[in-house]
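Just so you know, the protein sequences line up as chains A and B, in that order. If you're matching positions, the first sequence starts at 1 in my numbering and goes up one per residue. If you're matching positions, the second sequence starts at 1001 in my numbering and goes up one per residue.
No wet-lab data here; the hints were simulated from the structure. Honestly, I wouldn't trust all of these hints.
[As the list claims (entries may be wrong)] In silico DSS-like links for lysine-lysine, alpha-carbon gap of 25 Å or less:
1) B/1211 / A/140
2) B/1211 / A/78
3) A/140 / B/1237
4) A/207 / A/188
5) B/1233 / B/1196
6) A/140 / B/1238
7) B/1238 / B/1161
8) A/118 / B/1161
9) B/1196 / A/147
10) A/109 / B/1237
11) B/1134 / B/1233
12) B/1233 / A/109
13) A/109 / B/1134
14) B/1238 / A/10
15) A/119 / B/1233
16) B/1211 / B/1196
17) A/78 / B/1214
18) B/1214 / A/140
19) A/147 / B/1214
20) B/1233 / A/124
21) A/140 / B/1233
22) B/1196 / A/14
23) A/140 / B/1161
24) A/119 / A/140
25) A/147 / A/128
26) B/1161 / A/109
27) B/1233 / A/118
28) B/1196 / A/140
29) A/140 / B/1149
30) A/109 / B/1211
[Said to hold, decoys possible] Derived list of chain A stretches under chain B, where covered just means 3 residues or more per stretch with a C-beta under 8 Å from a C-beta of chain B:
31) 2-9
32) 43-57
33) 68-74
34) 91-97
35) 100-109
[Claimed, not checked] Restraint ranges, calculated between C-beta atoms of paired labels, are given here:
36) A/71 / B/1044: 53 to 59 Å
37) A/35 / B/1198: 47 to 53 Å
38) B/1198 / A/210: 29 to 35 Å
39) B/1040 / A/115: 46 to 52 Å
40) A/86 / B/1190: 20 to 26 Å
These figures come from a predicted structure and were not determined experimentally. Heads up, the beta-carbon is just placed ideally off N, CA and C, and yes, glycines get one too.
What follows is each chain in one-letter form.
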Amino acid sequence: MLEIKDLTVKVENKEVLNKFNLTINDGEVHVIMGPNGVGKSTLTKVIMNDPNYEVISGDIIYNKESILPLTTDERARKGIFLAMQNPLEIDGVTNADFLRTAVSSKDGKNVNLYSFIKKIDKAKDSLKMPDEMVHRSINKGFSGGEKKKNEILQMLMLEPSFIMLDEIDSGVDVDALKVVGDNINDYKKEHPSSSYLIITHYTHLLKYVKPDFVHVLKEGKIVKTGSYDLAREIENNGFNFEKVVIEANDGSEVSE
Amino acid sequence: MNRIVIGSNSNDTNDLIKDELVMRIDKDTNVLIEDSPVKKIVFDVEDASVNILIIRNKNEAVMYDVNVNKGNVSFNNISYDSNNVTINVNLNQERSNILLNNSVVTNKEVAYDINVNHNAMETNSNVCNNGVTKKDGTIKFNVSSYAPKGSKDCNINQDSKIITLNKTNNNEIKPILLIDEFETEAKHAAFIGNFKASELFYLQSRGLTNKQAKNLLINGMLIGNLDVCFNEKETLKKRLNEEWR
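Could you put together the complete structure from these sequences and hints?
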């Protein structure tokens, strides 16, 4: 379970999250939507301890332990995973070398090469990724869709328990999106206690991965929470919030 | 594919050849030169694809002349704490190409002077220098590419990067492009500094410690970018891990 309590965050002296609160129980799928620049990606970066963001007050509690004192890698080894909006290209470091080191680091012992190859082959086939991508430099020369699939490949290999997907659906064609969605669903079935925080602008991914809660973020705070219907309302009407409130009054919960 | 090995576990060749070695290569060939004391090595390539790997550990200053008369040369040099290196490349005929990967780890001052002469049209050069300085190390990459009038349709690229793991250094990159021909393309990039915070964050967000992330980046920069086979890279990585700490 992840609890964010009264979290206030600054970046370059600008407040981007303001007394933000959110609780994600094991097995739940939460979606955050909102216009550009309201702090959606900031939230995921802060949970992952990006050094560019400064926590002013509040706390982030994961499985009853504050993770604020932990470094990025310690948080990752606790089972927190962030699939990034713009995955970096790292020249010279192959996916295979990177993932072998990451899996060894997570398990606290050198990974058995045979089991590693078996696992990565299975994950790669399931994501319909070509063989050679495993031996190429991380994301180097990958298309937008391939980069996003590579993020999911890392998720399948590292088996995290709390997964943040930051615009995993952007730059992905319809076929690739289905593959990504199916893989997330399969992972969810295999790991029923895993929980998800999905940042998105559209309902494309949500057609495959059904959310339990949809939140609207504005000015660093959640201003509205609802179900999948709220995401559809937003897709139809945009973030014209007053209009959304009126039209969503019939089913969705409205929060201040 | 021919294979030439010099110096690797063989004192015989090292004893025989001291000052200058000239190799005339007219067939596709792999060349491995390891810890050789030879002061000057000349490669004359005639219409062939040649892959050269030079491994230097605490060696004296050396000069390499690479003369390409049509063909593709992949020149890979990795140096640990060695002395100055001069590399002169002459691309003498059309469709002469060189990929020059130069990886350096040092805790002393070292200079790399690299000169690439595009003496014919339709010639390509790609020079990639990667260095890491530690303790008292300083690296100077001086790279000059020259395209005289008439050397049309050439592609010239220089990429140089130095990662500084020491506080005091006088690292320098001098990328010089002397282009006297309008219909040719030349570019360069240079970087001196520490690891990018975004790269470290990305790797650490997958559970790698800061040290593991830096090791991986150094391996990738110095070995991953070399144009050599997988097994050779694995051997070089093991050696690098022993040498650079």
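| message | Tell me the hint numbers this structure goes against, listed in increasing order. | response | 8, 13, 14, 26, 29, 31, 37
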